[in-house]
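So the protein sequences, as listed, match chains C and L.
Numbering follows our numbering, in which position 111 of the first sequence is assigned residue number 94; successive positions increment by one, without gaps.
Numbering follows our numbering, in which position 26 of the second sequence is assigned residue number 27; successive positions increment by one, without gaps.
Don't read these hints as lab results, they were simulated from the structure.
The model shown is predicted, which means the values in this text are computed figures rather than measured ones.
By construction, the Cβ of each residue, glycine as well, lies at the ideal position given by its N, Cα and C atoms.
Fair warning: there could be bad hints in the mix.
Unchecked claim - Cβ-to-Cβ under 8 Å is the rule here; a few derived chain C residues that face chain L:
#: 1; residue: L133
#: 2; residue: S135
#: 3; residue: P149
To be verified - According to the in silico footprint, chain L covers these stretches of chain C (three or more CB under 8 Å from chain L):
#: 4; stretch: 13 to 25
#: 5; stretch: 136 to 147
#: 6; stretch: 150 to 161
The primary structure of each chain is shown beneath.
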Amino acid sequence: MFASRTVRTSLLFVFIALMALAFADIAITTLNPWQEMQRLLGGLLRPDFMAMDSLALALLRTVSFAFTGVAIGCVAGFLLALVFGSRLVRIFCAFIRSIHEIFWALIFLQFFGLHPLTGVLAIAIPFSGIFAKVYSEILEEADQTPARLLPSGTGVVSRFLYARIPDAFPHLRSYTAYRLECGLRSSAVLGFIGLPTLGYYLESSFSQGHYSEVGALLLVFYVLIATMRLWLRPRMLPLYLAAAPFFLGSGFPIVWGNITRFFTEDVVPAPLRRGEGWEATLGWLGDILTSQALPGIWNTLILTQMALVLTGILTLLAFPLVSKHFFGPRRRTAGHVLLVIARSTPEYLLAYILLQMWGPSMLPAVIALSLHNAGIIGHLIGRQSSEFPLRPDASRGLNRYSYEVLPKVYAPFLAFLFYRWEIIMRETAILGILGITTLGFYVKGAIEDIRFDQAMVLILITATLNIAVDWISRGVRAHLRLKTTPSRCEP
Amino acid sequence: MVALALEDVSASFGKTRVLGPLSLTVRPGEQVALVGKSGAGKSTLLSLMHQQARVPVAYMPQALGLVETLSVFHNVYMGRLSQHPTWYNLLNLAWPQRKELETIEPILAWMQLSEKRRAAAGELSGGQRQRTAAARVIYQGADLLLADEPVSALDGPLAHVVMQALTRSYATAVLAMHDVELALQYTQRIVGIQHGRVVLDEPSHRLSAADLQSLYQG
Chain C
-16 MFASRTVRTS LLFVFIALMA LAFADIAITT LNPWQEMQRL LGGLLRPDFM AMDSLALALL
44 RTVSFAFTGV AIGCVAGFLL ALVFGSRLVR IFCAFIRSIH EIFWALIFLQ FFGLHPLTGV
104 LAIAIPFSGI FAKVYSEILE EADQTPARLL PSGTGVVSRF LYARIPDAFP HLRSYTAYRL
164 ECGLRSSAVL GFIGLPTLGY YLESSFSQGH YSEVGALLLV FYVLIATMRL WLRPRMLPLY
224 LAAAPFFLGS GFPIVWGNIT RFFTEDVVPA PLRRGEGWEA TLGWLGDILT SQALPGIWNT
284 LILTQMALVL TGILTLLAFP LVSKHFFGPR RRTAGHVLLV IARSTPEYLL AYILLQMWGP
344 SMLPAVIALS LHNAGIIGHL IGRQSSEFPL RPDASRGLNR YSYEVLPKVY APFLAFLFYR
404 WEIIMRETAI LGILGITTLG FYVKGAIEDI RFDQAMVLIL ITATLNIAVD WISRGVRAHL
464 RLKTTPSRCE P
Chain L
2 MVALALEDVS ASFGKTRVLG PLSLTVRPGE QVALVGKSGA GKSTLLSLMH QQARVPVAYM
62 PQALGLVETL SVFHNVYMGR LSQHPTWYNL LNLAWPQRKE LETIEPILAW MQLSEKRRAA
122 AGELSGGQRQ RTAAARVIYQ GADLLLADEP VSALDGPLAH VVMQALTRSY ATAVLAMHDV
182 ELALQYTQRI VGIQHGRVVL DEPSHRLSAA DLQSLYQG
């Protein structure tokens, strides 16, 4: 067994995670972590729906930002997908999607202020980069034969509309619907940095200790995502899209002078702005690297590796809950509910809650990232394992798990896991904003000190790190001969 | 005047040569059947012909190349996409135009597909799919038809209907066939392929099914 590439690679990653664990700070620092947790659970069990108007407003804003942002990202991404053959476009898309929504929002906050445009663009820009990549993959995977059979002289547009789009359409549609779900999560989380979405209300209820309100907000959000299939009807879509921009709220007016100042002064490296020349700028850059970027990168990396492996372990424990080879329909439903909760809760939100209860360390972040991602991968692997039949006399229990099921799903499991590696890293960097010393921590610090030049350098470094991990992950998947795109509808 | 001329062509997968070198000429008005065992190189030869044809060509590969999510009507209409402006094609994609429906209807009736006009190609049975692809090449109306096993999924009477329709619509055609009887009945020239070479090239009326047996041995 140890001769197989997949097993050796898995063990290598487990080893790296254990090494990371030795360096990581995972202490629980609050005096009474369990009491806080009990109070939160109490809030979830006794949600307070009295504050209905603010609850409804939070939902309305969250949905509106998600719809507007995702719609713009979808159109822009589709157009970019058409020219995705160009290397320049591919690099551009990799770059814009490697910067997290929250970082985009932090940047736009500096010059648009709390204007709806900040939230909409923060979603639309990274999403268009992701849409471009996945749409172009889907279009490429579509059956090419019909296009070859068309009579010569058929126009490019007709060829595309008849022979390409229809075959790819079901995949484009299901991927876009999945992305809208991601958009709802992103939109909710943007509230934590001041936009009027769910996160904003959550944070204020939390800081005042109103756990029943927190419970109500969370439950409503779960219901919203779990019932998407019911309210997201193709016929209603034009109505939603037309209405969404009108419910973004007005925010504060844009001060145009801020925009000019941002680009001509704020983001210009301080030594250059003061006219101290390139040598001073290099020194300034070196200073950022050693005092902020390197510790940030180090912490981001060890947190990512721990979260990646814990995600894997939790996934392997969780997928049988929704696999028909292990449980009957009723227990599977319970398993589905559990996994839906895990994957509908944005990592950022979960990390925020755990941080409130356990105090600042890497532990809340690792747990939050792993729970969320295990919810997603566990759901996919469980579904996949239900699809292959077992012979009627197959073994039961742990024997069935280890001999019949696990060997069959291990390759796709690894493919999904490595596919999410980059996503876990993107999130890890962001969780720094909550006080864990990953890259986001230093970005937030720089912005609070009004050093946008430093913040931009750190954001660019984070982006580079994400692109690098994406690249390594592709290499690992190729080495293990895993399909490069595990599923067309879930990244 | 030739519709198709292959001279010393060959094809390989990796280092294995699967076809040729061979030469073959097809004149306008000739209906040719390619016969031979599966794996003899018939499909490869047809796709080479598709690449090198000198006249407008309609191609019906074994995989048919239907767009699964589009209706039978749209799949047939695709045969003439080049003859309409883009805006019209777009309009017809969203709202099938009466004029096009009326033009295509007789062909669908011929192929016994009228009731399936609105059905998505992906929902059809194997035989219905094959008839949809046949309807497309008939509607396309090019100068040369290349068809790879056009009736392999059809039984008895329907196979005759489709063979008749194809050979009546195309005076010049190359059809890869595994059914020797149908080949002799509907084409005027038989080209036998064995191990990637032409081993027989005779007018159909000089051959009987028994003469072709040797192609299927060894």
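Numbered hints the structure breaks, given as an ascending list: Number 4 only.
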